[in-house]
Structures are given as structure tokens and as C-alpha cells.
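Asks: So you can see what is in the structure, the chains are spelled out below.
Number of protein chains: 2
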Amino acid sequence: MGANKYAIGSLIPMLSSSCRLRDQQDGKHPEPKQEKDKTPQSYSISPPLDLSHHFSVSARNRVASNVKKFYKYFAIPGIHNLAGGLPHSSYFPYDTLEATVALPNRFDQNPPKKASNKNNNDQTNDTSPATHLTVPRESASTDPLTRIDLTTALQYGTAEGYPPLLSFVRQFVRENLHPNVPYTDGPEVVLTCGATDGFSKTIEALTNVWDEERDWVRNREGILCEEFVYMNAIQTVRPRGLNVIAVGMDNEGMRIEGQGGLKDVLENWDFSRGRRPHLMYTVTIGQNPTGSVLPVPRRREIYALCQKYDIIIVEDDPYWHLQYPSARQQLQSHFRGGQPDLQNGKCNYNVHGKPSGYPFLDSLVPSYLSIDTDGRVLRLDTFSKSIAPGCRLGWLTAQPKIVERIVFITETSTQQPSGFVQAMVASLIMGSDQDAHSQGQVMTAGDDGDRRPWKTDGWVRWLEGLRAGYEKRMQVMCTILEEGREVIGHSKNALSPSISSSSSDGEENEDDDDEDDDWHLLTKTPLYTFQFPRGGMFVWVRMCFETHPLWSREGVSAEQLSIALWKHLTRKPFLCLVAPGQMFDPTRGGNGEACRFFRLCFAPMAEGDVEAAAKGFVEGCKDFWRRGSLEEDEGGEEEL
Amino acid sequence: MGANKYAIGSLIPMLSSSCRLRDQQDGKHPEPKQEKDKTPQSYSISPPLDLSHHFSVSARNRVASNVKKFYKYFAIPGIHNLAGGLPHSSYFPYDTLEATVALPNRFDQNPPKKASNKNNNDQTNDTSPATHLTVPRESASTDPLTRIDLTTALQYGTAEGYPPLLSFVRQFVRENLHPNVPYTDGPEVVLTCGATDGFSKTIEALTNVWDEERDWVRNREGILCEEFVYMNAIQTVRPRGLNVIAVGMDNEGMRIEGQGGLKDVLENWDFSRGRRPHLMYTVTIGQNPTGSVLPVPRRREIYALCQKYDIIIVEDDPYWHLQYPSARQQLQSHFRGGQPDLQNGKCNYNVHGKPSGYPFLDSLVPSYLSIDTDGRVLRLDTFSKSIAPGCRLGWLTAQPKIVERIVFITETSTQQPSGFVQAMVASLIMGSDQDAHSQGQVMTAGDDGDRRPWKTDGWVRWLEGLRAGYEKRMQVMCTILEEGREVIGHSKNALSPSISSSSSDGEENEDDDDEDDDWHLLTKTPLYTFQFPRGGMFVWVRMCFETHPLWSREGVSAEQLSIALWKHLTRKPFLCLVAPGQMFDPTRGGNGEACRFFRLCFAPMAEGDVEAAAKGFVEGCKDFWRRGSLEEDEGGEEEL
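Chains Z and P, in that order, are what the protein sequence lines are. For the first sequence, UniProt numbering gives the first residue as 1, with consecutive numbering after it. For the second sequence, UniProt numbering gives the first residue as 1, with consecutive numbering after it.
Same shape as in the complex, but just chain Z (with noise of 0.2 Å):
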């Protein structure tokens, strides 16, 4: 860790003095005992801070469970339970759960050399290699670590989780996924119902709702976002009366410098509307929806105007294993000679030294946890892109007292995910002590009938396999956009204003050789311009409206046209349902660009389908152009 001492160091003088003088006139933080921590690689590192005063009213009443103190008596050997108010498993109607699963190396982890448009169908309903896994009745294991069976994951149990997943999870998160977390004794853990509960858990924690018939201004919190996000983060937060402040974007993601970016947003904040910003949500990885992934350097800067300011982080990241490195390099071709902050993009990988035990996992733009000296960090996972979004199952990092608090709202409210999830998904990759004795039966619908678990190998070789399927899936839809984004043609005969080859979004098309060649006499008129995502699983499409005919002849405006155009594509012969730009403006409809995007994923069609889907958008497209008006129940005042 010795390498990135001085990175972070670098970063302490501007953290935030009223938060470091508060937490030393407390004395509640000493510092940090330099010999005590020491290890070969360590540097010095602090527990984290404390940051109660964040909390909500609600979340700071909670108290613990007092069921707790009773633990101890469950331990007794032989004693009869009559306090629990619990029934017996011998009334659970289920004596087993099975099921038929993959094994971790079903879809091939090499990401493709050079994107194809070949119909892959034969790999859609592919179901080898595959295995047989059984959850008993009653597992011979005493340890709860290990035992996975029907009597523990289909009774009631801890918050926390189910004690071999929630181990399983935790080990991963704290050894492999964030194995530098800066500081002391590292982040904590808790299950959740998916990322969408541990998102509305932790706003129930850290915001109180504002009232506007019964509360001063002043007192209205706020939660700063993306310019485009996912709106159901939007929907969360907007019915507790929140200020929801949008700061710009640029290809990497939240924009820190100009007008609108964070350092904008903080230092002249407007505080008539409310207090400043205690939070920020955010998707660093396959930004939903633009596809952004947030590099290393960007994030220490604002990471740092988080600590100024006192914010804390939510990090959701579904995304966070679809990386695409070849995007990257795509960007780069395409834009060669422009757009200078890609040049930023150059991830600095694993920050802090500490192997994560796995090439592709250290191959991964990290966290902000990785940079959370401060412990301001709280991150939402799902496995919802991992295993299925039907799960609904996730889990949230965090430093130990936010994740406390995430424990007793969970008490009163979940409880604990589902336990026919946490058994299944608990044995696909652990394993039950059955799979050791090689009891039960044997279903293979592959060929070897291999019946050992995932473990942690597995399920990170999942992971590279999922990648990599994704990443085909992306490349085969930005291939063909790429291909389709301009119509060619002569100049005299064209039907709008276009633009000359040479001058089309400042780009050289030296690629496009075969209609291209200097001929000064061929116009291309460019329908939409977009990039390679590098992550996740969106292409984030801005139209070009004003190439359109009708919008210099006729003055329909880019609103008017996004409408037409989205009903057009859903028509035959295209049928293409694409999700309009509006629908990721948290600021409804105060920002004028939002129309002009639209949102194409690449994830929900089988994956011989996703060439047709795109061939659609850009055949409508094209078609679209070629218009000359607009129809009655089209371009209307009706709102997408």
C-alpha cells in the first residue's frame, strides 16, 4: 500500500475541518496507532469517522434488537426453546430445494477480437455444462457457516443475512472486491433485497422528509446526481420533499470543473433553496444511462470535494463486472485528435497495491471504497446482473456504524432477503456439505456432472464469462449504429443542411473508405452521434435533429421530433422500443438536451436478436429522415 500513501495523504488537508475537530474534541478518534497497524505494505490509516450526525431522527432513535441479550441462553446444550415464537421445520412443506445450474464456465470468457454480425442463435438457449444442486432438510453441518439447509434458510433468522451467504459475501467484499479499503479494520456488510432496498434503506438513514406546510426552507436536505440517472433512485428520494441537484456530465461522468459541474453546484450553492447537499447518488460503472465509467483520477477529486463538504457517497454499481476495455479502445480510434478528456481515461487499476487474488477483478476500475479514508462511502450491489434481478437479493458496504443502522431499519421492515434465494444462490457457489459426501442424485445436463460449487473461483469466472457475453452483445449493436449513424448523400440533391465529411463533429473519417475518398461532391448528413459504452448495458444515442428536414424548413423542435421518432421505430417494419432521453432527467424536464437521447440496451433480447434490434433503430432512423411531415398523433404535446 506503500505506493499510494502519498495519493491519499495528498487528500487529508482539505477533508473537512468542522468534521476532524468535532470527531478530536470528542476524542473519539484517536490517532491512529501507527506501530499497531503497521504491516509490510501497511501506511498509516484511521478508523473511520464518525459521521452520526448525518443520521435521520428515525435512524438515530433506533436501538438494538433486545432480543439480542438472550443469545446467550439459545447456547445452552439442551435447552428447550419456549421463548421464540417460531414454528417447528417438521411443518415447512418443503423437504428439499434443488434446481439445475450452470457451471462457472458456460459462456466463454474471451471477449471478442473484433465485433461480429454473425447471428449467434445457437448460443441463446445453450444450458451446459450444468449441474444438479440439492438443499436438504437437515445438513450433517454443525457450523452456521457452513450449513445450508432447509431448517436454518427457511426459518427466521439474523438481518444481517443468512450466515454462509452473508460470510461468503463478506469475504468476497473484503478481500477480493475491495481488498483496500483506507481504513481501519475495513467495511462492513448487510443483505439487502436488492439494490433498490438497500438504496431506499439508506435514504431512510441518512434524510428526514421535508414538509412544506410545516418546515423552514433552510431545513430541506438535498442529494446531488448525475445529469442523467436512474429514475427510480429519483423516485425514492423526491416524495420525502429532497432537493434533487443534478450536476453536469462529460464522457467519464459527474463533471467537476464549469458551469453546472460539482465544484459549481457546491461552492455557490443557493442556500434559499435548502441546505447544501449531505449526499450524492451515483452509478460510476455503465453510468445508467449513459454508459460512463468514472476513472480512478476523477474519483480522489471527488472524493475530495465530498470530504470538503461533508457528503456522503452512495454508490450503486449493478455494472460493476461489465467493464469493456475494448470500448476503450474504439473510443480512442474513433475520436482520435478530439475530445481530450478521454485521454484521462486511463484507468490507475488496483490503486492500492493489494492484490485482489483474480486478474479480471484487478483489471476493474475500482470503487470509491478503495479511496474512502473517511468511511463516506456507501455501496449498493445487487445480483441482479449477476445471478437474476427475481432474486431480489444484494447487499450493502459500508464503514461498521452506517451498516449498523442499515441492520435495525432492516429488523423492522425485511427482516432478511427471502430464504429460498439466500439457500439457492448460498449453494450455487458454496456449496452444501452434501456436494463433499457426493450424496443424492446426480442431474447433468452437461457432460461431466462436475458437482463441486462455484466457490470464490467460480463465481468470479462466472463473472468474466458474463462480461464477455455482454461485451459481444455491445459490440455487435455499436457496430451496427456506428455503421448506420449518417446517411450518404449528393450534395445538390440532399434534402436538409448537412454537414461536409470533413467538418462532421470535428472527426476525420479516414475509417469510412468506402464512400468517403475526398469526393467533396457527397454529403454525409449525420443522424445520431454516440460512443462505445465501457460499461454496463447501455448505448446512449443523441440524436442529431437538427440534420432533419423539417427542422430548419418547418421549425419543429427537437421535442416534437424525439416523439415522432420514438413512435416511428416502434413501427413496422423497425418495431424498435427505445427509451427516451426524458425518461433519465431528474430535473423534469429542466434539462432541454434530455429529449434529444435516447437509451438502447443491449441486455434483454436473446442474443441472436440484438443485431435485428439495432438494424431496426437504424433502419427507423433513416426512414425517419426521409420524412417530409409529421402526422396528426405524432410530435404532439403527449409526454414519453
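Treat the hints as calculated values from the structure; they're not laboratory data. Just to be clear, a hint being listed does not mean it is correct.
Chain copies aren't distinguished; within one or between two, either way the pair holds.
DSSO-like, lysine-lysine: derived pairs with alpha carbons at most 27 Å apart [what the hints assert, rightly or not]:
hint : residue 1 : residue 2
1    : 401       : 622
2    : 308       : 622
3    : 263       : 572
4    : 69        : 572
5    : 567       : 455
6    : 401       : 308
7    : 567       : 69
8    : 572       : 354
9    : 72        : 572
10   : 615       : 572
11   : 615       : 567
Model the placement of chain P on the given structure of chain Z, informed by the hints.
Replies: Same frame as chain Z, but now just chain P:
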């Protein structure tokens, strides 16, 4: 329904006039169209009242998800869905979910004729009859209400619940469980992650956080509950700053009359504490911890008071299917001649005439929903006591406008219960289309390999079997407690002031023909009193500490004796862990009676252990009454 027209009609003049007036002025609730609603059995019913003035600020601010307007486009044949951010099901590592499950008749449904102390170890691990179920990756069915497969269950879903399971629950609720809800079009349901989750969402929808430092006392909201209560519910509301108001109880549940009864609390509300409570939390069947069952006549009276004072009733009924007719007989024989309030216990089953279709369901005391003319009852159900607690699955039933708010809250929190449990329970009860074709593998632990799904008939039969199983446990435990509730001694040798048999609790113990025989030289020292619970899982035992030798001799308090006895019971050879009464006191020590009670649960142990556990308690009590002093570590100030 005609027969009960007048019973309900008689409550109408008592309606809160303010509510009625508000609705009429708004013109929202025209008088019921009597002609249209008339059926052979009908009487005039109205739509539910508009109770939106009870919604919390944040619940009022919620709006429907903006994704729903796209649903019509999703249905276009052949449409390429590039809009949704969801992974394709080929990336789910589960190819099937399977289970070995019980047939509905696993447990005998006949309640025991007479309690037997015989050890029934033979049934404890009985797992026959059983069958095997398989949820396939993709079902052949295209009807969302019958299609049960992983492609749908493990995908993102709707907040109301997984369509096949939701449709079963909704039909069961509306046609079988509550066929007589007296408002137009009946109630709606939404699935929850268990009753605790349902309660948490209810509280979010219907209460505002009150902050002592920010808010006027006059704005503090309150919730009514029973004098002894399931504390998790209280721990849900207390952090929000609500007043928690305990209402007195008797053998049947919440009291109406007398000091501390419901009428007293509401009529003489002290507004210096805050607003008069607008919510009531109640467990009416097998009340936790007291085991009481609230009869219909008293429901009517409480409901009328809730109308008068505009209170929403939150009915939490996890034990509705565990009602014990044998306990009533036992009670009446036990208390014959005394305890007049027990005579009201002849419940007016099936109050509104329309049968449920099942004698078992018709025999049960019905929900508050059955008399809910206003739509002010919100009922919480759970699968925790009918399938397994680890399901984290339940449902909430209320008028549609209230359910709508819960759905909005669900969209930004849990989203839906886990698809793993929803698919498994749907498959268990409704079956998959595979069952119809008898495809797949049949693995039967039972004799005949019956692969038919349970359907409603099987579900009701299963519940009946559970009821019989718990009733048997209850009888075993209570018979032992009954036999051991007194110690017999010669009056001159008695260590304590004891009560002669003829005056013991006002009862004549003619049943105790072995020891009694009117021989007045013998004394009976009662150790505790209790009643056979009429429902649920708990026996509520009141200790007679005033008969303990240390009570009068040393002046040891009930609280000290309670703690000492609790610890005494955990020791060898008694080894009993019971729940101290203070754990159920919502007034945090304000109820001086609480320390006199212990709650004994007859559910958590193997069936064969019920007897030993109960005997351990009895012997422990007897032994404790022989003790002449308390040890250092007992009876101290340690709070249980």
C-alpha cells in the same frame, strides 16, 4: 348477506360525521346504486371512504411509476425491446428450480379428542406423503396468470407480485378468506416480504415522523395497541416518534369499557400528548402474547369506535388459521360458573352469510374486514406460519386506494418479493403447466406419487392439518401446565401463605378429584394461572409470586422474583428458556403487571419435546417455590 343488513346498518349512524360529510361534499362517493348492486343476497353497500387525509406527507407525494405508460408498446407483436434495462434470461445460472414437497394431507386434520401426554416422536420427522415439483426455465403457457417459469419469475416483475401467485392470493382473499367485505368491489391485495415488511410500509404510508426538536407536540401522531403486544411492531413505530398507547385487555382481547379500555382512552384523550391516535395495531386471533381471540360482537363495538374517531385498523393476523375450538370447551369447563366475559365467546361465525366454500374457513372467527363498511381496515398476512418464516412472503389486504400507496412504496423499496419464493410457492399451490402433461421426473417420498398441485382445496387442507398439529401441541403443553399449577401441602407445614382450595382464584376445582376431596387440612399453593389459548402459538402464564415464601417473609418484589425464576428455569435439570412478560410491554415498564407473566411457545421444538419442555417449566417452578433465598446474581437490577 340480507341476514346481516341490520347488524351493519346499526353502525352507520355512528360513522364519523366529519368523514362522511367530507366525502359527500367532494361528491366522490355518491350514494350506493342500490338497483345495480342488488343480488339475491345483497344489501346496500357503498364504496370505501376516501381516507387519504391519513396518508403521510411522503405517501401523498408519491406518483405512479412513469414506466407504466409504455406497457401498451411492450405488447406489440415482434417488438424489439431495447428500452428495458433487464438482462436476458439466458444469463441466469438456474435452468430449473425444483423441490420435494409435502402433499396437503401430510398432517391429520382431526383435532385431538382429548389431550395425550404420549410422546409422539414418530411424527416429528415425517416427510410423507411427498411429491416433486419443477419450475422449468421456460413454460409453454403464454397466460401470465398460469405461466410459472424462471424466465418470468427470475426477471424484474411488478410490485403487486408475481402474476400467478398474486392471482391465487387475490382470489383466495376475496372469495374464500373474506367473502363478505361490505364495500363496493371489495378489497385489493399486494404481496409483501412478510407481515413485518407490510407493517413497515403501512407505517410509512400512514404516519409522519415526529421530531421533538422540530415539531409541535400537538402534531405528534399516535398508535393504539393492546396492553401486551408483539414488540417488533412497537420497534417499528417508536423511532418515528409516535405515541404508543396501550389499551387494556381481558381474556378476549382489547377491552372497550372501564379504565384504560378503548372508550376511556379515546373519550378522555389528553391532547397535551399529541393528536388523538388515528391508527390501531391489533392482533386479534391467537394474540401475541396472550393467545386470545377477539369475538365478532366485540369487533363490532371496537369498529364503531374506530368509525367515530376516524381510526384506521391495522389487523396483523399471522395465526388466523390456528384457532382451537377445544380450548374454548376447556376454558368453559375450567372456569365454569365464573369469568362471565368468556360467555361472550360464542362467535357469530361467517357473519355475512356468503359461505367461503370450506367448512374449515367458515368455522373461523372472521377478520375485521368482514365488518369493514368504510374501508378502514388494513390487514397483514404472512406465509411465515403457514409455509415457513424464511419465505419472507405475505400480503396486505385493504381498500384499493390504500393498496395503491403500498404499491408505490414497494416500487422504490423491495420492488417485489424474491422470485425464488414466489415461483416455489406458486408452483406448490397452483402447479406448473408441466404438471398437466406429467412431464419431467417424478420423485415421490410417499406412496402414490401424486403430482397434482395443491390448488385451493389442498391449501385449505394443509392449513387444517397445521391447525390440528398445533392444537395437539397446545393440548399437550396446557394439560401438563394445568396439572402442575399448584403445589399441595399440609397447611401447618406450608412455607407460605397459601390459599385454600375453595377460594383459589374464585374457582371450584371439582376436576382435581385426586387431591382435593374437601379435605381442608390440605392447602393448595397456586404457582401460576393461565388459560388454554384459543388460537396461535403461545400460552400466557401469570405467576402467583405472592404465594412464594420470599414474598411476604423477605419482601422480595415480583420483579426480583421474576428475574430469579427466569434464570432458575434455564438451569439444569429444567433447561427452559421462556419469554419474560416485560418483552411484551409497550409502555417500557409502565405496566407493573408485565413482570408477573411469562410467554411459553409450544411451536419451536420437535413435537416429541413439547412434553419435556412443559414438564421442565412445571418442575422448575415447583423447585423455585421451595427456595428460601435468592443468589447474588439473581433478582438484581438486570433487566430482562
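Asks: Taking the earlier hints as the rules, which of them does this structure contradict?
Replies: 1, 2, 3, 5, 8
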